[in-house]
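Residues per chain are reported as follows:
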Amino acid sequence: MRYLPLSDPDRSAMLAAVGAETIDDLFRDVPVEARLDGPVEGLPNHASELFVERQLTALARKNLVAGEAPFFLGCGAYRHHIPASVDHIIQRGEFLTAYTPYQPEIAQGTLQMMFEFQTQVARLYGCEVANASMYDGSTACWEAIGMARRITRRTKAVLSSGLHPHYVSVAETMAKFTGDCLNVALPDLGPETDAERLIAAIDSDTSCVVVQYPDILGRIADLTPIAEAAHAHGALLVAVVTEPVALGLIRSPGEMDADIVVGEGQSIGVGLQFGGPYVGLFACREKHVRQMPGRLAGETVDAEGKRGFVLTLSTREQHIRREKATSNICTSSVLCALAFSVHMSLLGEKGMRQLAALNHARACEVADRLARIPGVRLVNQSFFNEFTLELPVEARPAVRALADLGVLGGVSLGRLYPGADALQNGLVLAVTETVTDEGIEALEAGLGEVCQ
Amino acid sequence: MTVNPSGWRPTTPANEPGSADAVTGNRALMLEEPLLFEIGSTEQTGVDIAEAAQGGDRLGDLERTRPIGLAGLSEPEAVRHYTRLSRQNYAIDLGLFPLGSCTMKHNPRLNEKVARLPGFADIHPLQPVDTVQGALELIDLVGYWLTTLTGMPAVAMSPKAGAHGELCGLLCIRAALEARGDAREVVLVPESAHGTNPATAAFAGYRVESIPANADGRVDFDALKSRLGSDVAAVMITNPNTCGLFEPDMKAISDAVHAAGGFVYCDGANFNAIVGKVRPGDLGIDAMHINLHKTFSTPHGGGGPGSGPVVLSEALAPFAPLPFVEKQGDRFVLVEEETVGEHHGRSFGRMVAFHGQMGMFTRAASYMLSHGADGLRQVAEDCVLNANYILRALEDVLDAPFAKSGPCMHEAIFSDRGFGGGLATLDLAKGLIDEGFHPMTMYFPLVVHGAMLVEPTETESRASLDQFIAAMRSLAERARAGEPDLKAAPVHAPRRRLDETLAARKPILVYRDPKAAEAAE
Chain E
40 MRYLPLSDPD
50 RSAMLAAVGA
60 ETIDDLFRDV
70 PVEARLDGPV
80 EGLPNHASEL
90 FVERQLTALA
100 RKNLVAGEAP
110 FFLGCGAYRH
120 HIPASVDHII
130 QRGEFLTAYT
140 PYQPEIAQGT
150 LQMMFEFQTQ
160 VARLYGCEVA
170 NASMYDGSTA
180 CWEAIGMARR
190 ITRRTKAVLS
200 SGLHPHYVSV
210 AETMAKFTGD
220 CLNVALPDLG
230 PETDAERLIA
240 AIDSDTSCVV
250 VQYPDILGRI
260 ADLTPIAEAA
270 HAHGALLVAV
280 VTEPVALGLI
290 RSPGEMDADI
300 VVGEGQSIGV
310 GLQFGGPYVG
320 LFACREKHVR
330 QMPGRLAGET
340 VDAEGKRGFV
350 LTLSTREQHI
360 RREKATSNIC
370 TSSVLCALAF
380 SVHMSLLGEK
390 GMRQLAALNH
400 ARACEVADRL
410 ARIPGVRLVN
420 QSFFNEFTLE
430 LPVEARPAVR
440 ALADLGVLGG
450 VSLGRLYPGA
460 DALQNGLVLA
470 VTETVTDEGI
480 EALEAGLGEV
490 CQ
Chain H
124 MTVNPSGWRP
134 TTPANEPGSA
144 DAVTGNRALM
154 LEEPLLFEIG
164 STEQTGVDIA
174 EAAQGGDRLG
184 DLERTRPIGL
194 AGLSEPEAVR
204 HYTRLSRQNY
214 AIDLGLFPLG
224 SCTMKHNPRL
234 NEKVARLPGF
244 ADIHPLQPVD
254 TVQGALELID
264 LVGYWLTTLT
274 GMPAVAMSPK
284 AGAHGELCGL
294 LCIRAALEAR
304 GDAREVVLVP
314 ESAHGTNPAT
324 AAFAGYRVES
334 IPANADGRVD
344 FDALKSRLGS
354 DVAAVMITNP
364 NTCGLFEPDM
374 KAISDAVHAA
384 GGFVYCDGAN
394 FNAIVGKVRP
404 GDLGIDAMHI
414 NLHKTFSTPH
424 GGGGPGSGPV
434 VLSEALAPFA
444 PLPFVEKQGD
454 RFVLVEEETV
464 GEHHGRSFGR
474 MVAFHGQMGM
484 FTRAASYMLS
494 HGADGLRQVA
504 EDCVLNANYI
514 LRALEDVLDA
524 PFAKSGPCMH
534 EAIFSDRGFG
544 GGLATLDLAK
554 GLIDEGFHPM
564 TMYFPLVVHG
574 AMLVEPTETE
584 SRASLDQFIA
594 AMRSLAERAR
604 AGEPDLKAAP
614 VHAPRRRLDE
624 TLAARKPILV
634 YRDPKAAEAA
644 E
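In order, the protein sequences belong to chains E and H. So the first sequence is numbered by the working numbering: it starts at 40 and just counts up by one. So the second sequence is numbered by the working numbering: it starts at 124 and just counts up by one.
Read the hints as simulated data drawn from the structure, not as lab findings. It is possible that some hints are incorrect.
[Stated by the list, open to error] Which stretches of chain E does chain H cover? Using the computed rule of at least three CB atoms under 8 Å from a CB of chain H, they are:
| hint | region |
| --- | --- |
| 1 | 81 to 90 |
| 2 | 202 to 210 |
| 3 | 481 to 487 |
Bear in mind the structure is a predicted one, so any value in this text is a computation, not a measurement. Even glycine gets a Cβ: it sits at the ideal position worked out from N, Cα and C.
Just need the whole structure built from these sequences, with the hints factored in.
Written as structure tokens, this is what we have:
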């Protein structure tokens, strides 16, 4: 077997060295009745690299690849071009096959990268500090609600109707067990966000208000009034960003006085990968850092006074605090954070702004073209690279019909909100720099057809 | 002039010719690297992006007015920056990485190749399910291997990492108890457990109580039995445990817990020691997470991403989280909120936005198919043999508290008993760095004083083990002799020991431009 270096003579010699006659002597603590006599039944035996690659390639071929079709899906995962050097760097064995940097003297590569990543995230979000990543945006969002509970010692969170419904579901699942009380609502297919509802719902029991920016329908609204209302009641504003490229063009949540900003970082450097692994981003005010979950890299000096980096503030974490930890999180998403950080370094300020401008311009063009299809209405007045259409027909079958035409034409609100009758004609489309003129024409033609 | 004053400079002995400081701060292949923000600029970029058409402004009057402050690099500068950083990392690709409990085995490159097939890497989680049948089949395939290898009837694939899997298991248990109207408050966790176990139990709303270990390093079964009662929701047991020992009473423990109305959660972090040899389902386990990044060789990546599917017993399966893949005829479907009522109305809900760590499933599938049932059994046997080989080669120079009671499983544990001159585990571990190895897991589990937990894995050759053993013997002798030099180790690493107290007392977590920092003060 190609991954096992021991030869049979090695095994015999080593068994003799440890004073065992057979390998099963080393498994003698396992009661005999629990030991299997031979390989587990129902599974094939070992296979060559050629065979395995062929078998898995056959499965991969059964999928319709985003890059091979006109593609317009978003809603929490976005298709952007990733420079070739990003994947090259994350495949360097020194990054790929390293562990969590518990031994900083021989892990400065990962630690310095984490410190740079934290700086990039904090600056992008307009916050003072950021951590070294979470599992993904949805779990980062829930952790932010938990952090707000710890800071305010209150348990009522008000969630915007524009928050990604999967993020809401994750929070609802967790709240069942932690006792947090969540105020949730369904979105309206209109141009306005639910800022008024949120402001009205804040009271002296509120731990936080959670607002997605841009929201699930792509709408962009000023967070400042919500921040003011929250702060007036001693509550926190948690902003959630699922499309970080937007922040190349629009104001950061931190600038609008959000206390905690979390989100999905997949858009930058990390591919679609059918939903994971992704990279959760998490930033906040410096004064709250000791309530923050997740790994943190910090600057320090070594015994000779040279600058270096270590994992720090670990007294918040499970391996020190056990049941009193701020979170049970142990693994983060460091390799995806590296991909994010490399892509972000390649973009820089200039590239990030250009990329965002291109996305927005392309989205404006497509929105206007599609809104001219008879019976189709553009819901948004404001958007970045993602907007919602109201179709004259139910969107879910329309999306399936588009797929039959070879067009991956957006996410239906019927998929995201299966029970909500008022939303069934809603279709959310994302337009990034990767769409082509031919793709737009195919979408336009296909949508015209399925809307008849 | 030194170009890089903050950087690493090797100490050249003063009596050698050419002993002046390097101009650059670098020496041969020992290359320092400044921070991105010290070398990049907001004007530089490493991408060429087409000019945007004019006229689009639907930003709701929220156009950015302030700069972000992102440093950019051209592609050659970026590749060099990260390549130089990478060289300051130890990694499995460089040598033996004996971190106990972490299972740092070789990461096969075929895994990386198949994960990057466009049919897996470039599909969106919300595409119509008819366009992703191959992806759903892949998830189903990995689920089949996991349930078959563990002898368990069901699996939840969506948890993102081991600790997330623990949470999944405990939430299933809590949902099952609530479904039968049985409010229990306590989760029992052995002293030797991973820190994630009590943290997870607390997060799931339980009070955590500790169970002591006996002198053999196993769970004290009598103490456990006497604590069981109508308030105990679950017992969380790691098997093989964190002392590297199999819990021989596991089935009896499960039976006792079940008789008292509770559930058994098994931390599967050490499943690599028994894969293909023992099926946890035969030991009465109700839930167990499997770290794909340990047993099934997906890369650790410097701290994630991981993946933590959870296998479940019949009693817990109905409560598994959404979404999951089901085969209906010759078609795979994704059961989400919409269809849950028909099939699976008692699910405790959704844990994560999409369907789990697809990129890790493809890598694990590649590993499983490569090894097959016979190869996985060999994996368990070789990792156990390697660990015992180390244990027996070191037990005369290092205190091995449980060596007398029999063989270990996949990892060997030692203590710092007998060290002289005020030396501790930390010093030996740092000495190992100077010998060209990554240190073992230190000070864990807590039940052994100055614990050193050594896990070689099955992907080390005998020659590699012999070299490690020689280094360890030398270090053990130096530690017992109280050699003060060890206090200063490492001296050959890119950095000497770092001041962690300073880092925590005055946290600097992001880069601040010196000018901005000065202006602020």
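Hints, verified against the model:
no., hint, result
1, 81 to 90, "holds (count 8)"
2, 202 to 210, "holds (count 5)"
3, 481 to 487, "violated (count 0)"
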